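J.: Based on the sequences and whatever the hints tell you, model everything.
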Amino acid sequence: MKKQPFLYLVPALALCLLAAYARPAHAAGTAPSEAEKALTKMIEAVKAESYDAFLADAGANLKKQLSRQQFEGMCGLYTKSLKQGYTLEYFGQLRQRGMAIYVWKVSSPGAQEDVLVKLAMKDGKVDGVLVF
Amino acid sequence: MGMRAEHTADIESLLAHAGWLRRFAAALVKDRDDAEDLAQDTMLRVWRHPAQDAGRAWLARVARNLAVDRFRATRRREVREQAAESAQPSQVANPEELVGDAQIHRTVAEVVAGLAEPFRQTIVLRFYEGRSSADIARGLGVPEGTVRWRLKEGLDRVRRELDARHRGDRSSWLALLTPLVPRPLPGESKLRPPEARTPQGFSLAGHVAVAVLGALVASTVALGIAAHARRARSTSTADEPARTANEAVLGPGKAALVRLNLANQAAHAAEIGAETAPGPERLDAQSLAEQLLQAVQDNDYDAFVAKGSAFFRAAVPTGGFASLSAKLGTHLAQGRRVSPLGSVRHTRTVDWIFKIEFTDGGDDALITVAMNGWQLAGFFVDDPTILPPEK
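Those protein sequence lines, which keep their order, are chains H and Z. Residue 3 in numbering that gives the first Met the number 0 sits at position 4 of the first sequence, and the numbers go up by one each step. Residue 354 in numbering that gives the first Met the number 0 sits at position 355 of the second sequence, and the numbers go up by one each step.
Relax, there's no trap hidden among the hints.
If we take Cβ atoms under 8 Å as the criterion, some of the chain H residues that face chain Z in the derived model are: (1) Glu88; (2) Gly91; (3) Leu93; (4) Gln95; (5) Arg96; (6) Val102; (7) Lys104; (8) Gln111; (9) Leu115.
The calculated lysine to aspartate or glutamate pairs, modelled on EDC-like cross-linking and capped at a C-alpha distance of 20 Å, are: (10) Lys124(H) with Glu35(H); (11) Lys36(H) with Asp122(H); (12) Lys79(H) with Glu160(Z); (13) Lys79(H) with Asp162(Z); (14) Lys62(H) with Glu33(H); (15) Lys151(Z) with Asp30(Z).
In short, the hints are calculated from the structure, not lab data. Just so you know, these numbers come straight off a predicted model, no measurement behind them. No residue lacks a Cβ here, since even glycine has one placed at the ideal position from N, Cα and C.
T.: Below you can see the structure in the form of structure tokens.
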């Protein structure tokens, strides 16, 4: 009789293990809506090849440093494939230099390769972006 | 048979004139290396397009025409460069500067990695390791002219492949090639890359490395990096703990990512497809990441390269690794937590991305373990370079 509680523990433990394995290995949580919204707008801007739209949510630093020529270079690489659709997978958040850096994978059926995007947010603005 | 005999005769004839042709070329152009190139080009042109009488008069005519072509090309390039410089606002670095010394799109690196030998080796040594043609020639035991021809042919092949990949839209990839052209040092002519250049930082790891993985949008990515790089040039970075290892390894002015290798050229799409499936591969990649970090922490070069492909092993310089280890090892030794974030599909590899949180409170880092099938094809460390310069 005293051993009965352990009988319940076995399936409970099994359930716990199952739950643990069922979780994605890179459980990244959810991207902050503010950051994801900004990223989506930037991707749409690349699709539309709109420099101004790309910088709509950008901070002063990014605005100062991104030239139209540079933006066009980026469009040359990604616009065509992005127009065929894309999916975002949030990878997680990094803490670097006191700022929150959000990381996504962007996949497109029109591209042979995925790209990794890092977005630095500061005071609600996009202060840096890295695509690789 | 006839063609073979004809070409053999042509070559013999050309070689007989080689000495004279070099002197003639030297008279046409002042620079000794230019003269050597001109003589080589002339020989090649005449051999490919033999005339009935390929005597000295014909050689001289071809050489003169080529010299004129070169002069015109040089002038056009000068004009383009001047126009490009004047178009850049003074506060904003030009694209070449923005991408540091060597950030090229991953695609470019893959194309280079896919080149047949001896072109790949020559291009890697020249542009990614920064070795001079003379140095390469000595190392490989071939004439310097041969090295120059391999470089030219290799770059032509890269251009053709990039054209093919970008459906002939050269503008879409042209900017990315910029880092393949060594930047002139202050006072050096832009038109003639210095033959003798001391590799900075990581050599392949600092050049290709950054470049390859850099796979950046030559524009956007360059932003933070550029700002960072400019600041790094003007200030001492040695004592700032916030600037973590990879930056220090790359040296002041270098960029964000440390890539120790190109993709292994033997990669196959099917293998890569298999790699993207969740399962033991992820565990292997994580295990590998842990082992690599441990090797960095222990400054154990052999352990670091042990799991890599042959190309990986060849591409990781011991000095660069030691530098990486010196900078990152202490940080790692304080304790770290490595978390898998996911995988990213590339043409020849699958990159497994990990986040490192350091117990000592340092900034998080992103590392990439690039796998080609079951082989380790690359290792990258990413640091906070997208951030703006500190005010």
